[in-house]
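Work out the full structure: start from the sequences and follow the hints.
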Amino acid sequence: MKSKISNPYFHLLFWLVVTVILIFVYGHSWNNNLNAFYFIALLLPVVMGTSYFFNFYLVPVLLLKKKYLRFALYFYYTLVVSLYLQILVVFFSFMYLANFELEDMGPNSISEIRSLAIVMYAVVFAGSFLVMLQQLVDQQKELEQFKIEKEKLKKQFLELLSNRNKIRISYDEIVYIESLSDYVKVHTINQKEITSKEKISVISEKLPEDFLRIHRSFIVNRNQITRFNYNEIEIGGVVLNIGRSYKKDILPKLKLME
291 MKSKISNPYF HLLFWLVVTV ILIFVYGHSW NNNLNAFYFI ALLLPVVMGT SYFFNFYLVP
351 VLLLKKKYLR FALYFYYTLV VSLYLQILVV FFSFMYLANF ELEDMGPNSI SEIRSLAIVM
411 YAVVFAGSFL VMLQQLVDQQ KELEQFKIEK EKLKKQFLEL LSNRNKIRIS YDEIVYIESL
471 SDYVKVHTIN QKEITSKEKI SVISEKLPED FLRIHRSFIV NRNQITRFNY NEIEIGGVVL
531 NIGRSYKKDI LPKLKLME
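Residue numbers for the sequence shown, in our numbering: 291 to 548.
Source of the hints: derived by calculation from the structure; they are not laboratory data.
Any given hint could be a false lead.
Said to hold, decoys possible - With a Cα cut of at most 35 Å, we get these calculated DSBU-like pairs of lysine-lysine: (1) Lys456 to Lys475; (2) Lys431 to Lys475; (3) Lys537 to Lys482; (4) Lys487 to Lys437.
Stated by the list, open to error - So the derived label-pair ranges between C-beta atoms look like this: (5) Lys431 to Leu451: 30 to 36 Å; (6) Asn521 to Ser491: 22 to 28 Å; (7) Glu434 to Val370: 39 to 45 Å.
Every value quoted in this text rests on a predicted model; they were computed, and no experiment measured them.
Positions of the beta carbon are idealized from the N, C-alpha and C atoms, including for glycine.
Now the structure itself:
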């Protein structure tokens, strides 16, 4: 299971929503949105630190690996440290906000600030829920992709229409596929070349994961690769360039072959 959400926009949106909600709630209660903004700005790093430590370390590294005793101990330490930091933030906020006529914040300000522990951990667990939800979505996508790959592997050959005839080429015989101006050419291990009018993007969808699209004009059988570096691949005695836009996805897969 993935232990983090890599999309930075998810994090940005989540904390933006949390900040706006907290400023609105405390600003409405204190009748002073500016004071609420200063207060939340000071509190937010504590909440973020607690949330990330809990959701991206305690849960995946300890809880999900059934290290319950260590999880309970570390969670207790997290609780103590986060509450201590929160008290410091509240104390500093009172000193700072005193210059902004603290008495105007409202009669319930003290009791509301005491409720911050509940608010903070509500945010933490809300973030945990969203992380688990995203992981379930990712797992579902991976399962669907696995099913697609399994269906592809049931066929041990590639079907193409060549010279108005449907032919089958065994996956093991394919070295690489080359896209030319208006047709594709399949290069095989016996140096036979088979041409087809099909688009390389359509062929790519038919092939299992052993075939890598390294360039807008090339698909290679990674089992036939003899050498590669950051810029090119040698396969079947031919050197093919790796397209700039494909390097990010292709290079990690090639490194697994080392």
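Would you say the C-beta atoms of Asn521 and Ser491 sit inside 22 to 28 Å of each other?
holds (23 Å)
Glu434 versus Val370 beta-carbon gap, inside 39 to 45 Å or not
This hint holds: roughly 43 Å between Cβ atoms.
Could you say whether the range 30 to 36 Å given as a hint is met by the Cβ separation of Lys431 and Leu451?
Since Lys431 and Leu451 have Cβ atoms about 31 Å apart, the given range 30 to 36 Å holds.
Pair hint outcome, Lys487 versus Lys437 [Cα-Cα no greater than 35 Å]
Holds. Lys487 to Lys437 sits at ~28 Å (cutoff 35 Å).
Taken at face value, is the distance from the CA of Lys475 to the CA of Lys456 at most 35 Å?
holds (15 Å)
Hint consistency between Lys537 and Lys482 [alpha-carbon to alpha-carbon, up to 35 Å]
holds (29 Å)
When you check the alpha-carbon spacing of Lys431 and Lys475, does it fall within 35 Å?
holds (32 Å)
Every hint from the earlier list agrees with this structure, and none is contradicted.
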